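Undergrad: Given next are the chains, with one letter for each unit.
There are 2 protein chains.
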Amino acid sequence: MSQSTLSPTGNQTQTYDYGVVILRIVNLRELTTPGAVVDLDRLERNAAWMTHRAKKLGVCLRPHVKTHKCVEAAKLQTAGQTKRLTVSTLAEAQEFATAGFDDITYAVPLSPKAVPECARLTRTVKRFNVIVDHPVAVDALEAYAHTHDLRFSVFLKVDCGLHRAGVDPDSPEAVTLAGRLHRSSRMNFRGILTHAGQSYSCRNRSEAANVAAHERDTMVTFAAKLRGEGLTVAEISIGSTPTITAVDRLPGISEIRPGNYLFFDAFQTAIGSCVLEDVAFSVLTTVVGAYPDAQRLVVDAGALALSKDPGPTHVDPDCGFGVVVTEHDCRPVPGLRVTSLSQEHGVLHSDGPLDPAWRPGTRFRIVPNHSCLAAACHDRYHVVRGTEVVDKWRPVRGW
Amino acid sequence: MSQSTLSPTGNQTQTYDYGVVILRIVNLRELTTPGAVVDLDRLERNAAWMTHRAKKLGVCLRPHVKTHKCVEAAKLQTAGQTKRLTVSTLAEAQEFATAGFDDITYAVPLSPKAVPECARLTRTVKRFNVIVDHPVAVDALEAYAHTHDLRFSVFLKVDCGLHRAGVDPDSPEAVTLAGRLHRSSRMNFRGILTHAGQSYSCRNRSEAANVAAHERDTMVTFAAKLRGEGLTVAEISIGSTPTITAVDRLPGISEIRPGNYLFFDAFQTAIGSCVLEDVAFSVLTTVVGAYPDAQRLVVDAGALALSKDPGPTHVDPDCGFGVVVTEHDCRPVPGLRVTSLSQEHGVLHSDGPLDPAWRPGTRFRIVPNHSCLAAACHDRYHVVRGTEVVDKWRPVRGW
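Chains A and B, in that order, give the protein sequences.
Mapped onto numbering that gives the first Met the number 0, the consecutive letters of the first sequence carry residue numbers 0 to 398.
Mapped onto numbering that gives the first Met the number 0, the consecutive letters of the second sequence carry residue numbers 0 to 398.
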C-alpha cells in the first residue's frame, strides 16, 4: 500500500504529499501533526501473542479487523494467512475480500437492505457469514435467496449479557428462530455467536474472567439446548479483547473474535487487559499553546484526531481523553492529563507547574481511550519501528 | 462536485457507486445507511439568516467552515461570494484557497512547524491570517519571514473566559506581545480575535446573551487599552454560534466568525440557539434489531456515524446521543432516546412499549448532538430538498 523506496543511505523512506510539497520521511520527528502512529514491533508482538493464546485455548482465531481496518494489519493478525476474519461494515468486507481473505463474518445484525450486497459477497468468497437475531432479517434473506437461487451462511446472534443485540438464550423465541435457520433450505446454519461487551464495564482482569466464564457457559448451555432439540450447532463463536485476555479455558467453544488487542488502548490498560507498553496505536501531537499560570497546554490533537470517547471513567473518573506519553519512546508523562477536547484543540492540565521545556513546538504522543474510534479519525497510519517510519497504511473508511 | 444529470422525468438524479453496483438515486428512501443528510432548504435559510443578522449588527461576517468543510456550503454561507472565511486546518485552507476564497483566517494557535505552509498560503491568497498567543510562535513567524522576505498577517488571540487558548487581556504579557506584533516589520498586525466557547455551557439564550456581552466588552476594553499604548487595532473579531445568536448589539466589533449555525445540531436546540426545525444536518439510519421485551432498538448508526459527543448533559442529563426524528419529514419521535453508542451500533430505548411498526428495516434520522464532529465522520453528504436527493457534497478531511 505504501510508496516505499530505498534511500541512498539504505533506509526505507516514505513519500508523503503535503499540499504541493513532497517530503521524504525517514523519522517520526519529521511527521506533521496530528497524525496516527502504529508501532510495528508492538503490533507484531500483540498479533503473535493472540495467535499463541488461541492455540493454547484450543480455539480458532477469527480476529476482528474493525479496530485498524487495513489489510497489512490483518495479515499480521492472521499469521500471514488470508483466511478467517470478522468485519463490522460491508466496506470492510469488500476490502478484505479483494485482498484475498476468503472466510469473513459480518458481525453486526443485518439490515434487510444489505441483503443484495451480502449475496454478492457470498458468491465472491469461499464463505461469507451473516448474523441474525430477528425473523424479519431471516425473511429478507430467504426471499432473496429463493429468487436468486443461493444459500446464506448464517449465525444466530445471542445476547449473553451485554443487552445490545442478540436473542435471549432463555427465551422460546431463540429456539424457534434457531430451528427455522436449521431447517431452511436457503440457510447454511453455522451455529451461534455472541460478544460479551459488558466486559468493558469491568475494573480488572479478575472481573473480566468472570464475564468470560459467563459468556462461555451461556453459549455452551444454549448450544446443548439446541442440540437437545435436534439442531446441528457446528460452531460456537465468542469474543471480546477483555474476556479473551482474562479467560483460563474455553471447553466447548470453537472460535474467538477479539479485535482491539492488536492496537490496545488506554481503556484496555485501565481495566487490566494490557500494560501501557503493549499499546501499538497513538496520536502524534504538537503543543500549540502554553499557559504556565493556568498549568495548561493546548495541543493540536482534538476530538477529530482522538475521538471523544470518555474512557474508563468507572475505574478512574479523572482519566481524561487519553494518556500523554513522550514522542520518541512512549514513556508516560506523569501529572499531565488530557482534560478536554474540542474539534481541533486538546487541552492538557498539569498537576504541578508546567515544565519550562513545554512550549509551542514540543511534541508528545497521546494513547487514546478507545483506539477503534481514534484510528477511524485518520485516513493513514504512520507505521514505525522505534522512531523510524517504515510504512504507511491506508485503512478503509465508510460503510 | 456531484455527477448530476437530468433524468428522463426531468428530476435531477445522482450517481452513487456502492461496490460494483451503480444506482441512480432520486429519493432519500433509496440511500443506504448510515449516511449524512443535509437539508438544503434549511441550510439556505440558516445562511441567509446569519448574513442578515451580521448586516443588522453592523459587522462583517467571516463564517467558520469547520462544521461542513465543503465548498458548496461555504458559497451559500458567504452569499455567493468567494471571499472571507475562517478555517480550522491547513487542509481546509488549501481546499478553500483553491476554490477561490481569498481572505482566510486560520483560527487555531500556530504550530511552529506549520509556518512554511502558512507562508505558501500567504503568497497564494489575497490575505491569509494566522493567530498567535505565544512569543515562540512569533519567533517562528519572524525567522521564516525574514529568511523568505515576506510579511504575515496576524491576529493576537485573546482569552475572554473560555480558558482554552489566548492571552489573558489583563496581563502585562498581552500588551507586550501585541506591541511586538505591531512593531514587527515582518508582521501585518490586523487586530485581536477571540472565541467565547464558554457559551456552550449556557442553558438558554439569556445566559448566552450575558456571555456575548462579556465577550464584546472584554475585547472592546482590551482594544482601547492597546490603542492607549499607541497600537493600531484595525479589527476586533469575535464569535460563536450561541453568542452571535443571542447578542443584541455589537458596538466596537468589526467581524463575527460563527460556524455551527449553518447546520445547527441537538446541542444548539437544547441551549436555545435554534429550534429542531432549523437543524440542517442529520444521519439517516436503519433499525437492525428490535427487542420489545426490553423496549430497545438497535440502529446501524453508531459512534462512527454520529461521533460520541455527550451533548448538552448540563441542560438534560438524559439527552443521550442525539434526537431521533422521522425519516421523511424530520418530526421528533417522542420517547425514543439514543442511550448508547458503540462503534457501529446505536442503541435506542423507548419510554413506552415499542411501536410494532419498528422492526429491522425501519428507518429514522438522528439529529446528532454535535454536527461538527458527526459531519466529520462522513466522506460525503447527501443533499436533499424535502425527500429528493439533489446533490452530493464531498467535504475535505484530515489536516
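Since the hints were made in silico from the structure, they are not lab data.
Bear in mind that the values here come from a model prediction, so they are computed numbers and not experimental data.
Every residue gets a Cβ at the ideal spot worked out from N, C-alpha and C, and that includes glycine.
Hints may be right or wrong, so weigh each one.
Straight-line Cα separation of at most 27 Å, DSS-like style, residue types lysine-lysine; simulated pairs [as the list claims (entries may be wrong)]:
id: 1; chain 1: B; residue 1: Lys-74; chain 2: B; residue 2: Lys-55
id: 2; chain 1: A; residue 1: Lys-112; chain 2: A; residue 2: Lys-125
id: 3; chain 1: A; residue 1: Lys-391; chain 2: B; residue 2: Lys-112
id: 4; chain 1: A; residue 1: Lys-112; chain 2: A; residue 2: Lys-54
id: 5; chain 1: B; residue 1: Lys-391; chain 2: B; residue 2: Lys-74
id: 6; chain 1: B; residue 1: Lys-55; chain 2: A; residue 2: Lys-112
FRET-style restraints, in silico, Cβ to Cβ [what the hints assert, rightly or not]:
id: 7; chain 1: B; residue 1: Gly-351; chain 2: A; residue 2: Asp-40; range: 17 to 27 Å
id: 8; chain 1: B; residue 1: Glu-276; chain 2: A; residue 2: Ala-98; range: 40 to 50 Å
id: 9; chain 1: B; residue 1: Gly-351; chain 2: A; residue 2: Thr-175; range: 21 to 31 Å
Undergrad: Which numbered conditions among the earlier hints are violated in the structure presented, ordered from lowest to highest?
TA: 4, 6, 7
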